[in-house]
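The task is simple: from the sequences and hints, build the whole structure.
The primary structure of each chain is shown beneath.
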Amino acid sequence: MPPENHARQDTVRASAAVADSRIEISFEATNPAARRAIRSIIGQVEPGTVSQEDIDVLEIALAEVFNNIVEHAYQDTGRGQVDVAVEMRTPGMHFTIWDDGEPMPAGRLPGGAPADPSLDAHEQAEGGYGLFMIRQLARKLRYERTEGRNRLSFRIKLSSA
Amino acid sequence: MPPENHARQDTVRASAAVADSRIEISFEATNPAARRAIRSIIGQVEPGTVSQEDIDVLEIALAEVFNNIVEHAYQDTGRGQVDVAVEMRTPGMHFTIWDDGEPMPAGRLPGGAPADPSLDAHEQAEGGYGLFMIRQLARKLRYERTEGRNRLSFRIKLSSA
Amino acid sequence: MNLRSETRGICLVVTVDADRIDAATAVQFKDDMRRAVTDTAERVLLDLSAVDSIDSSGLGAIVSVMKYLGADRRLELVSLSQKVQTVFRLTRMDAVITIHENLERAVEPAARAS
Amino acid sequence: MNLRSETRGICLVVTVDADRIDAATAVQFKDDMRRAVTDTAERVLLDLSAVDSIDSSGLGAIVSVMKYLGADRRLELVSLSQKVQTVFRLTRMDAVITIHENLERAVEPAARAS
Ligand SMILES: Nc1ncnc2c1ncn2[C@@H]1O[C@H](COP(=O)(O)OP(=O)(O)O)[C@@H](O)[C@H]1O
Ligand SMILES: Nc1ncnc2c1ncn2[C@@H]1O[C@H](COP(=O)(O)OP(=O)(O)O)[C@@H](O)[C@H]1O
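Chains as they are written, first to last, in the numbering used here: chain C, 1 to 161; chain U, 1001 to 1161; chain X, 2001 to 2114; chain H, 3001 to 3114.
Do not take every clue at face value.
[Claimed, not checked] If you anchor each label on the Cβ, the simulated ranges turn out as follows:
no., chain 1, residue 1, chain 2, residue 2, range
1, U, Gln1052, H, Arg3073, 47 to 57 angstroms
2, U, Gly1127, H, Arg3073, 20 to 30 angstroms
3, U, Gly1078, C, Glu123, 50 to 60 angstroms
4, C, Thr49, H, Gln3028, 15 to 25 angstroms
[Unchecked claim] Here are the simulated lysine-lysine pairs, PhoX-like style, with alpha carbons at most 25 angstroms apart:
no., chain 1, residue 1, chain 2, residue 2
5, H, Lys3083, U, Lys1157
6, U, Lys1140, H, Lys3083
7, X, Lys2083, C, Lys140
8, U, Lys1140, U, Lys1157
9, C, Lys157, X, Lys2083
10, C, Lys140, C, Lys157
Keep in mind that the hints were calculated from the coordinates and are not lab data. Where is the CB? At the ideal position from N, CA and C, for every residue including glycine.
This is the structure:
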């Protein structure tokens, strides 16, 4: 793993105002580690302050983003680091996620697609739902390839319980 | 903050075997950020697998360690980074915690002391309980000052629910 | 992936005994499902009452099972958790696959006709 | 820190209306307590039923309030959560400060005599 620490550099830049609402989490690109990271992020939400539906949305979105990094960026090698910066900014959580894996196809975030109601169930696509869900759940979604790293940022709305 | 990243370097060194049971968390040395970090760490425990008493012990120990860093190492300036590596190693969680603040008095971890039963309530000490509790709750407690950083490591036992 | 199957009239009911169908378990689920549905009746009812959550990989695995069943046999879903429902709604998969509230509803004659 | 106080016979009952007494709130707690206990009866009962957790800073603040009350007046604690009890047990503070299960027990004559 080459942990060139862009996440940390961003921290320093952004620290003035949001410092104590920001936490960074790093984990190895495996499914179990990704699940623990998701629990770790959801755990940051003050209990009882956010509706279960919004917590579900947070979990779904993070699972899709992390699974894509594990499966596509690091191609299921189980090796590679994922850095996540989490900022509490009412009314939501803002995420910036870095990895050192493969870039997105054509260097751009694919659109993904939902099920096609004009086709039968057994004719539906087997993939592409991940990014479609991410796009529906996340606001201000932005992908950038910089200095050999992937950087994805977005916001998940959390309304009060 | 000078994020010289010893935490990350340790990750690389230790990565082979424990990689996907390890997560790193960084936060600014303030009380609210420390609390979120604690929730974030407790959130990593798979729900229903550990007794509430052990979760309480985990929370108490981490609160004492983080509060000491905020208050003593960084002297309540609210500036400074705390890096935590969390490893799930059955039957417990292993922690390594770094900061760039002041060293421990005399470069050694103080003993702390409990209440003194030979004295009246109003004659008890106002401090020193934090380290006493840490020493009771943590196993393999070890403090090191290396390359200008404080490094504290210990293990908290988690028995099944 | 733990699957239990049982024949109920013209239906094969397959019950998933796991709390998630996700990236870590999707391949196993797909394999085990293919094994479970060999030579069965027209309707396969997949009982998800034990499943708390599913992700796009799990969804892909379900589509793949539907492909395997082809045009003549149908896969229908039973007892979706709130979170699983959300995933089906977000992907609009709820418009192309039959979803039943519970097993009783799924096997009653009215449902068969739908 | 929200404190409510009320006189009950020879006792002043101070109720803490916060879920933690910790590093972030200890100084405030200490100040507010000193204000609350001015010119009061011999026994101050600190009702912690709303308090979920306390840390060593909170404990230090309680000791500081006891110092302020001096040898003639006593601070006693009422209704400790499991987590708060653990902290008192670990620091052995439960051996030097009187702890009551609930307010009824704390104010009944037997308790007064103890
Ligand atoms: N983090 C990523 N890095 C590289 N490529 C990615 C990443 N995420 C998604 N992709 C690409 O986008 C495609 C669509 O992703 P997605 O909608 O999640 O569907 P699926 O993962 O089921 O293929 C993937 O097949 C992959 O080619
Ligand atoms: N992380 C730390 N960095 C520097 N000094 C520390 C640290 N933790 C504890 N100390 C020192 O050890 C002493 C005892 O700590 P503790 O038992 O937590 O009691 P308290 O914080 O109430 O003083 C502190 O007063 C401080 O001098």
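Hints, verified against the model:
1. U:Gln1052 to H:Arg3073: 47 to 57 angstroms: violated, 36 angstroms
2. U:Gly1127 to H:Arg3073: 20 to 30 angstroms: holds, 23 angstroms
3. U:Gly1078 to C:Glu123: 50 to 60 angstroms: Given about 58 angstroms between the Cβ atoms, the range holds.
4. C:Thr49 to H:Gln3028: 15 to 25 angstroms: holds, 22 angstroms
5. H:Lys3083 to U:Lys1157: Given that 25 angstroms is the threshold and the Cα spacing comes to 17 angstroms, the pair holds.
6. U:Lys1140 to H:Lys3083: Roughly 24 angstroms separates the two Cα atoms, so the pair holds.
7. X:Lys2083 to C:Lys140: Holds. Lys2083 (chain X) to Lys140 (chain C) sits at ~24 angstroms (cutoff 25 angstroms).
8. U:Lys1140 to U:Lys1157: Status holds; Cα separation ~11 angstroms.
9. C:Lys157 to X:Lys2083: Distance ~17 angstroms between Lys157 (chain C) and Lys2083 (chain X) Cα, so the pair holds.
10. C:Lys140 to C:Lys157: Answer holds: Lys140 (chain C) to Lys157 (chain C) is near 11 angstroms, not above 25 angstroms.
The earlier numbered hint that this structure contradicts is number 1, and it is the only one.
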